[in-house]
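Q: Just so you know, the protein sequences line up as chains R and C, in that order. 1 is the number of the first residue of the first sequence in the numbering used here; add one for each residue after it. 1001 is the number of the first residue of the second sequence in the numbering used here; add one for each residue after it.
In case anyone wonders, no lab produced these hints; they're calculated from the structure. Note that beta-carbon positions come from the ideal geometry of N, C-alpha and C, so glycine has one too. Be aware that a few hints might be false.
These stretches of chain R come out as covered by chain C in the derived footprint (C-beta under 8 angstroms, 3 or more residues) [claimed, not checked]:
id: 1; stretch: 21 to 31
id: 2; stretch: 35 to 46
id: 3; stretch: 229 to 243
Estimated spans, in silico, between C-beta atoms of each pair [as the list claims (entries may be wrong)]:
id: 4; chain 1: R; residue 1: T22; chain 2: C; residue 2: S1056; range: 41 to 51 angstroms
id: 5; chain 1: C; residue 1: S1397; chain 2: R; residue 2: G196; range: 30 to 40 angstroms
id: 6; chain 1: C; residue 1: I1388; chain 2: R; residue 2: D16; range: 53 to 63 angstroms
id: 7; chain 1: C; residue 1: A1220; chain 2: R; residue 2: E314; range: 54 to 64 angstroms
id: 8; chain 1: C; residue 1: D1353; chain 2: R; residue 2: N97; range: 20 to 30 angstroms
id: 9; chain 1: R; residue 1: N97; chain 2: C; residue 2: E1322; range: 38 to 48 angstroms
id: 10; chain 1: C; residue 1: P1234; chain 2: R; residue 2: D16; range: 43 to 53 angstroms
id: 11; chain 1: R; residue 1: H392; chain 2: C; residue 2: L1326; range: 38 to 48 angstroms
id: 12; chain 1: R; residue 1: H307; chain 2: C; residue 2: Y1320; range: 52 to 62 angstroms
The lines below spell out each chain.
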Amino acid sequence: MSKPIATDRSESVFSDYKKEYTPHQAFVEANRCLYCSDAPCTQACPTHIDVPEFIRKIATRNDRGAARTIFDANILGMSCARVCPVEVLCVGDCVYNAMGVPPIQIGKLQRYATDRAYAEGARFFEAGKPTGKSVGLIGAGPASLAAAHELRRHGHACTIYEKREVVGGLNTTGVAPYKMRADRSVAEVDWVLAIGGIEVLTGVEVGRDPSFEALEKKHDAVFVGVGLGPDTRLGVPGEDLAGIHGAVDYIERLKLGKVPLTGVRHALIIGGGNTAIDCVRELRGLGVAEVTLVYRGQEAKMPGYRHEWLAAREMGVGGLFQAVPVAFEGNGRLERVRCARLDENKRPIPGEETVVQADLVLLAIGQSTLGEKLAGLVGIAVDKGRVVTDEHGATGRKGWYAGGDCRNGGKEVVNAAAEGKAAALAIHRYLGGQNA
Amino acid sequence: MPDLSSNCAGIRSPNPFWLASAPPANSGAQVQRAFDAGWGGAVWKTLGQPIQNVSSRFGAINYSGTRAIGFNNIELITDRPLEVNFREIYETKKKYPKHAVVVSLMVESREEWQDIIKRSIDAGADGLELNFGCPHGMCERGMGSAVGQEPRVNERITAWAVEFSSVPVLVKLTPNVSDILPHGLAAQRGGAHGVSLINTIKSIISVDIDRFVPEPRVGALSTNGGYCGAAVKPIALHMVASLARSPDFRLPISGIGGITNWRDAVEFLLLGSSSVQVCTEVMLKGYRIVEDMIEGLEEYMRSHGFETLDQMVGKAVPAYSEWGDLDLNYETIAKIDDQKCIGCQLCVVACHDGAHQCLHPPKGGNGGATRVPVVDESECVGCNLCKIVCPVPDCISMEQVANGFSPATWNQHMTEGAKLRPKKGAH
């Protein structure tokens, strides 16, 4: 069992934004599915879950079979059901959209099937016959968990090294709490680990102690799933004032503990991506009266998902577009933000400034990458901070593989799950495994 | 305004929609409410020696989330005292003189038939329906389908009833026979004024897979029941049409079996029914369904230029033919409307696994720009399966091919050597 997390957490006030199905709701929705052949929803899923098949199983009340179909493709199917942007993946590609008929709620059906399996303590997979090989996995996020589970199915021993005390990576520390709270992510880690033979060492930062080279000596192969680094800073005056935080760091704090919001009247979220949108929804949900997203481009061109931004809008958040902070001002504590106005091409319009009173700022303009940490290893190429691999996750260094955000630059949990699994299969082949 | 009034074997009603003899026509209060809702007639729940029923009595099959597409029951005839039934028939008839009240009957001896027919007519029955169809319980006692399955018994008892009756007599036929025609002809020889069909089909509706007992379950046991509901319509249509198209059979038909709405009713009328009877859909949805049935039939008649029911009754019967008279040179192939296609490819899997492997994913596979399947016209046999599975209305059509061959049937081919087009997909 993973180490439990605090019970008193800021995120605990959130309830699920998409409500869970009752068995009958799931049955009715499942029966609407056309059971497409070579289905677009399955193709849209990075882990290629056989969506029509699992939905048909719900429709025949073979709920356990439905869960097995999901987990067979994606062992993180429970969290993906909650956190996947289904609107732009499976649900977005449902053929019903082309008919003008509401698409099948695939995410909710997947959640129904996987939650039931968890509740019943169902187990679907057994570790393979021991091969005598061992694999070290760096980072305990979705990529490593998916990789480790797949490796165990093939009989390879696994050790996961995690520098934090908590496991689950961004699923635990970063997912918007109205989608999934941290305790659920930790439960998922335990579910994955139940296959047995996966050792998890927390509080261990590979690269410092042990060194990468020591790890390489200890294991027959290494999987790098370290994710991304700290929040990027703007690099403008006043950025060190109290009340200014990196968004990912702040989200981690509200998910794992309490963030003090007493007296916060106006929060500004800088950025136009999904982390920024999550932040505005989270702060509104935590009761901050006024929350404004500040993005340097146009509203219609925000990189974050449209459906997420519309949901944020419904919560009564503000938006300040074509603006970027040029200075944070205040006396020790943040009091106001001076923003330059930008034209359509995000270039400053000379002489145009807006000053916004604010007592909390979250910087959601990206995360640094960790690839450089590996750059010293001969054979590992790093491009713009991302670890370069072939399509199976193999780096240029023999026995070294990578997947997840450190490889793709920051995508969804489901991408990490897909990449972790693919890399595990490649490692299995590398270790001389059959039928991989 | 089309005239919906119906005359089936001399039994007149303001419209052709009758409640079938069953639970919805069990009592005067029910029948009167049904008439208020718009039903044109009712065949009273079968009268005879009142019986004792079991619980439970009904079972149903669901399909893909749709409840009760098929239904069965092991309920018997009336369990209420005959005098109560007759009093209520009298009251109902008095209140609704223009509606048809037909009394369904099932007794054994000639004397019993004579007595119950007299009492029915005294109560005001507009017609009688002899229940020779019930396939459960009563048949074990030598009545119901036990009578309907024996043409000589059917004819004899029909003749008794006709002898004792001053109102039209309908014989309700059982579908639990290999060929309906001898049974219709037996009723005709017995002097019946019309027939009604089908009664329910002998069935086991389902099995409780946890208790290992068929349903409906009566304690630890069950028994076979009578199958009805939407799923039986095709069987009923076939039997109705079999009688309607026989040159030897000349009686009016009251059609029964899986009628759920006006469309079903129109199909029965077109295949030769002059009234239709409904039970299961009323049991499931209530008398109120008749509003749409009346409106839909009216609109249908108006749009097709029918002024009276007579003009449409039997209109599709001449087109019900033998296989040997079908044109083997008539050729169709599937056409997919690529503007309507949503790319589900249900047609592809159905054609590959269930038909002739002539519908394929688009060239370049599904990674290509389109998911619209391609029809291999040289292989397509025009079977219709793709059109049946397609979820999009009018997306797949079966279009006739001008193949240059003159029409030729199998019979013409065998007797006159008529030339047939080359077979497709037979390799």
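Q: Go through the numbered hints given earlier and state which of them the structure violates, listing their numbers in rising order.
A: Failing hints, ascending: 3, 4, 5, 6 and 11.
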